[in-house]
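J.: Just so we're aligned, residue 243 is where the sequence shown starts under the numbering used here, counting upward by one.
Calculated from the structure, these hints are not laboratory results. Idealized CB from N, CA, C, for every residue including glycine. Do not rely on the hints blindly, as some may be mistaken.
[As the list claims (entries may be wrong)] Label-pair ranges, simulated between beta-carbon atoms:
id	residue 1	residue 2	range
1	Ala275	Gly302	35 to 43 angstroms
2	Ser290	Ser250	55 to 63 angstroms
3	Arg283	Ser303	22 to 30 angstroms
4	Ala247	Arg347	42 to 50 angstroms
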Amino acid sequence: MTVRAAVSVALAAALLGASMPAVDRVRVQHADARIEGEVERLQTVARSVARSNDVVGDGGSPARARVTVHLPVRSWGASQVTEFTVLPPGDGAAVRWQVRGGERRHRTLNGVALAATGEELTVHEGGRQRLVLELRRLDGERTVVVRRPDTVGEGAG
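The task is simple: from the sequences and hints, build the whole structure.
T.: Shown next as structure tokens:
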């Protein structure tokens, strides 16, 4: 009887070990899909701000929207985000991210210029991340600038 139990435990451990790479792959795919959805939502809000408002001149308060993105945390169903970045103007892709165990991904947003103020804005942890979107003119182009709520916007004009 003890031999059967030992063989059963060994077989269960082998099956679990063989299935873990597939489980990890699915976690990465699920996390990437969740981030892709958050980027879509960010794009929708940015388009709305850009289409519904005018850029104000120096000294004026820019059109503004607040958005909370929900980035994946490690769970049985998803890998954790290790980097979520809104790039500065002129870097081509507007958003870049990577989840633990996955490849770095880039996304250019269609129909709206989106950029971080100055340097890139990078988040290294999952969970709820609050962002402020402001319509500004950067290098002569209407741009929705993304910043953290605790930072003051710059680059107006």
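J.: Could you say whether the range 22 to 30 angstroms given as a hint is met by the Cβ separation of Arg283 and Ser303?
T.: 24 angstroms, holds
J.: Given the hint of 42 to 50 angstroms, check if Ala247 and Arg347 actually sit that far apart at their C-beta atoms.
T.: 46 angstroms, holds
J.: Does the Cβ distance between Ala275 and Gly302 fall inside 35 to 43 angstroms?
T.: Distance hint for Ala275, Gly302 holds at roughly 39 angstroms.
J.: Between Ser290 and Ser250, does the beta-carbon spacing fit 55 to 63 angstroms?
T.: At 58 angstroms between Cβs, range holds.
Checked against the numbered hints given earlier, this structure breaks none of them.
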